[in-house]
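Visitor: Protein chains in written order, with the working numbering: chain L, 1 to 280; chain F, 1 to 177.
These are calculated hints, taken from the structure and not from any lab test. Where hints are given, some of them may not hold.
[To be verified] Label-pair distances were calculated between CB atoms; the ranges are:
1. Gln42/F with Ser29/L: 43 to 51 angstroms
2. Leu40/L with Ser157/F: 12 to 20 angstroms
3. Gln2/F with Trp68/L: 18 to 26 angstroms
4. Gln63/L with Lys149/F: 24 to 32 angstroms
5. Glu114/F with Arg28/L: 33 to 41 angstroms
6. Gly138/F with Tyr168/L: 50 to 58 angstroms
7. Ser52/L with Arg118/F: 13 to 21 angstroms
8. Lys149/F with Glu7/L: 26 to 34 angstroms
9. Glu111/F with Lys265/L: 43 to 51 angstroms
All C-beta atoms in this analysis are idealised placements derived from N, C-alpha and C, irrespective of residue type, glycine included.
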Amino acid sequence: MGALRLECPEVRDRLSAYFDGELAPDQRSEIALHVERCPLCAEELRGFTKLSELVAAVQPDSQAADCWSDVVAQLERGRPTPPPPAVPLGRGALRSAALAASVVLAVIAGTFAFQTWFGGHRHNHLAADLTRYAREFAENPGRAQRLLLATYDGQPLEIQQVGQRLNYEPTITRSVPPGWKLKEVYLLHMPCCTCAQAILESEDGRCVAVFEHDTDQAMWFGDRQSIDCLCDGKPTSIVDMGGQLVGSWQQGNRTLTVIGARDLKDITQFVMHLSRPANG
Amino acid sequence: MQDRIVEIVSTAQRGDREAQRQLYVEYHQQVHRLMVRMVGVQEADDLTQQVFLQVFRKLGQFTGQSRFGTWLYRVAINESLQHLRRSGRRQTRTLAEDPADGRSHARDKLEQRELLDRALERLDPELRLIFLLRESEGWGYREIARTMKIPEGTVGSRLNRARRELRRYLEELGWEP
Ligand SMILES: [Zn+2]
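Using the sequences and the hints given, assemble the complete structure.
Guide: See below:
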């Protein structure tokens with residue numbers, strides 16, 4: 001048995017290329033010869049083979065969902081949109097909910113009331129993202145949340161960390177309305193500011209998301225109709241989103257937004273509770 | 001096949017929705033399969049959707065210098081890497097805070113699929129991608145190098161690393177090669 005022409009490190013360097021059939025024939029036979037005689041390199045090669053077999057054995061079996069219509073919807077949404085017409089409010093769920101909860105309808109507003117949030121061309125994206133989030137939240141809060149976190153570089157935080165990271169103590173981490181439990185808190189890097197977001201769960205297993213923005217502009221949902229009403233005496237913008245309501249109101253120089261409310265009673269409960277002084 | 005795709009692409013570039021849909025039908029399963037491996041089943045649908053959104057938004061930038069499939073994969077790869085970079089901290093955190101995720105599980109008999117997914121998850125995203133393009137998609141080194149924008153000569157060395165690390169992670173999870 002002659003001496004091996006190649007040292008182990010040289011062989012190891014080219015072992016993948018050898019394994020994958022990417023070497024020229026002469027190099028190939030050199031490696032083959034070495035591996036035949038070197039148990040260490042042979043063992044490494046055996047590992048490559050086993051790994052390859054493992055991957056082949058467990059090819060993903062899940063089928064892709066056909067999301068073509070979502071893709072189109074988003075492409076359409078991304079297009080520059082003509083200014084929305086000043087539409088009178090319809091008689092949909094939104095209005096009946098509002099009346100049922102006996103709140104005062106103050107102003108009827110179209111989207112133009114909210115177009116000042118960021119200025120510039122990021123409007124469409126953000127509005128589309130938020131609209132999508134709110135819509136998906138109605139169907140699958142977990143999925144909606146994952147997407148949002150991915151889009152805005154979301155980070156989960158411990159409640160105690162939030163204040164340090166934001167340089168203010170967000171209202172939503174102070175206390176939650178009775179019957180609700182604080183489940184998760186995130187920091188989101190949105191175009192307007194870094195905002196805090198909390199996911200709350202009710203006793204009957206419903207979820208809402210509450211956003212707290214360090215800005216005094218209402219959250220913007222593109223060309224969705226909204227109504228302004230008074231919840232617990234506070235001017236609040238309400239948008240109907242996939243059968244759930246979104247409510248946004250100002251608190252000092254910050255904006256709070258609840259996504260996933262069942263009705264105006266829900267929103268009013270949040271407005272009432274979160275507007276209270278810290279220890280009240 | 002390629003001619004047909006070229007034709008569909010140029011129609012799609014003019015904004016034709018039907019042509020865009022044909023491209024989607026043609027490629028979305030392949031993209032999805034790669035995304036399942038890259039980010040896991042739960043997020044693969046969302047990410048696949050995101051990829052196609054980017055593909056159609058950027059379609060005007062496709063010059064035809066490479067094959068359309070290669071270009072599309074490049075978009076998919078960029079999206080998945082970005083996604084992983086964004087969620088990287090989350091993953092690290094989960095691992096760090098879950099001591100049960102390492103050795104104490106080693107003796108449990110894990111499903112092969114779960115084993116592989118867990119091990120892949122620990123691998124650096126770019127190594128993971130190179131490994132998957134080779135092992136799962138069957139790509140050659142040149143194609144991988146072009147798509148990942150790395151020299152062809154480094155594909156082999158990165159695969160060496162990917163395979164060694166994967167083996168180690170798998171063994172830590174109880175796998176016996
Ligand atoms: Zn050797």
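Visitor: Each hint: holds or not?
Guide: So, going through the hints one by one against the coordinates:
A beta carbon spacing of about 46 angstroms between Gln42/F and Ser29/L agrees with the range 43 to 51 angstroms that was offered as a hint. For the hinted restraint 12 to 20 angstroms between Leu40/L and Ser157/F, the CB-CB distance of approximately 18 angstroms keeps it satisfied. In this structure, Gln2/F and Trp68/L meet the distance hint of 18 to 26 angstroms, their C-beta atoms being roughly 23 angstroms apart. Between Gln63/L and Lys149/F the beta carbon distance is about 31 angstroms. The supplied range of 24 to 32 angstroms therefore holds.
At about 36 angstroms, the beta-carbon gap between Glu114/F and Arg28/L stays in the expected band of 33 to 41 angstroms. For the hinted restraint 50 to 58 angstroms between Gly138/F and Tyr168/L, the CB-CB distance of approximately 53 angstroms keeps it satisfied. A C-beta distance of roughly 18 angstroms is found between Ser52/L and Arg118/F, which places it inside the suggested range of 13 to 21 angstroms. At about 32 angstroms, the CB distance of Lys149/F to Glu7/L agrees with the hint of 26 to 34 angstroms.
The supplied range of 43 to 51 angstroms is met by Glu111/F and Lys265/L, whose beta-carbon atoms lie about 46 angstroms from each other.
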